[in-house]
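Peer 1: Quick note: the sequence shown uses this note's numbering, first residue 1, plus one each step.
Watch out, some of these pointers could steer you wrong.
[Claimed, not checked] Derived CB-CB ranges, DEER-like: (1) A282 - R190: 18 to 28 angstroms; (2) H32 - H75: 16 to 26 angstroms; (3) G159 - E301: 17 to 27 angstroms; (4) A139 - Q103: 58 to 68 angstroms.
[Unchecked claim] The calculated lysine-lysine pairs, modelled on DSBU-like cross-linking and capped at a C-alpha distance of 30 angstroms, are: (5) K48 - K59; (6) K271 - K193; (7) K160 - K220.
What the hints contain is simulated information worked out from the structure, not anything from laboratory work. Cβ atoms here follow ideal geometry from the backbone N, Cα and C, with glycine treated the same way.
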Amino acid sequence: MINSEASIWGLHINNVRGDTPIDRGYIAIGWHELGSVSSLAPTRQAFKDAYAAAIPNCKPGTIPVSAGQIFRFVHEMKRGDLVVYPSRHDRMINIGKVVGDYQYVVDDDEEYPHRRATEWLKRVSRDEFSQAALYEVGAAMTLFRVSSNSEEFVSALSGKVGTHLIEVDDQTVALIAEQFEESTEDFVIRRLKDAQSSYEFEHFVAHLLQCMGYYARVTKASADGGIDVIAHRDELGFEPPLIKVQCKQSLGTNGRPDVQKLYGAIEKDEKGLFVTLGSYSADARTFEQSKSNLRLLDGKELVELVFAHYDRFSPRYRALIPLKRTYSPGL
């Protein structure tokens with residue numbers, strides 16, 4: 001019998017061999033570098049401090065997220081809670097009940113030593129669940145709460161599978177596709193912002209222009225006069241128009257004065273291109289519309305160009321932004 005107040009957790013165990021968690025009756029998370037966390041104070045801060053000490057080269061932004069997942073696994077997850085584990089190798093949704101407290105397995109050979117005993121109750125094909133439910137348990141995090149579609153997984157325990165499929169209308173499918181697209185855009189922008197310097201970002205913009213068929217070069221950092229990249233169609237740069245590019249790696253809003261500064265450096269028969277990871281004010285956009293030789297490219301538009309020309313990227317930039325072709329639901 002399932003407690004009506006039990007929490008429902010989603011869990012990803014990506015690198016285990018086959019059905020090992022099912023066969024051995026457990027759920028697990030990684031971060032083996034931490035060792036056992038049984039002796040840590042039951043506070044999020046204690047877990048964040050331990051994580052930072054154990055993984056000193058991690059990015060600061062990952063500490064509260066990863067440490068928070070470990071804290072929830074140890075202290076917020078309770079006996080009697082349900083867990084939904086999608087096993088990718090066989091496209092099954094496994095639903096179980098947590099029956100044990102946290103334990104650390106010293107001789108674990110799969111780098112998933114943090115475990116809790118689990119009674120597996122049901123295995124159901126992914127095809128029996130709505131797209132909305134599958135999207136929720138496909139979250140990028142290792143451990144997360146299932147809330148929006150929890151009733152669907154509870155119903156599956158009593159054999160009521162497939163009953164929610166009729167709820168997936170065009171609006172739901174469109175929303176899922178939009179959320180998938182937005183999360184991918186966020187990932188690309190974060191990589192362009194956090195994984196390189198502003199000068200490296202200029203080189204990225206130049207490479208993107210090269211993938212689009214232009215010849216492009218980055219100006220010298222000490223004497224660029226506000227122009228970061230020069231682009232042109234012919235190899236020698238004699239044929240007009242010459243494109244002067246200004247790159248802003250910031251995520252903020254660029255106003256009309258920023259744009260006017262670039263435009264002031266544009267001479268006859270030249271064009272100006274302003275590239276940013278952020279956005280532009282309405283006044284800046286109005287100024288753009290009044291100038292036929294000026295183009296403002298915001299973060300969303302930049303990501304669209306990344307998607308369009310990704311196949312031409314060099315290995316260096318594929319490593320910077322690792323993407324793979326994926327089909328998402330659409331109308």
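Peer 1: Work down the list of hints and note, for each, if the structure agrees.
Peer 2: We went through each hint and held it up to the structure:
1. A282 - R190: 18 to 28 angstroms: Since A282 and R190 have Cβ atoms about 26 angstroms apart, the given range 18 to 28 angstroms holds.
2. H32 - H75: 16 to 26 angstroms: Holds, at about 19 angstroms.
3. G159 - E301: 17 to 27 angstroms: violated (49 angstroms)
4. A139 - Q103: 58 to 68 angstroms: violated (25 angstroms)
5. K48 - K59: holds (12 angstroms)
6. K271 - K193: This hinted pair holds, its Cα atoms lying about 26 angstroms apart.
7. K160 - K220: violated (66 angstroms)
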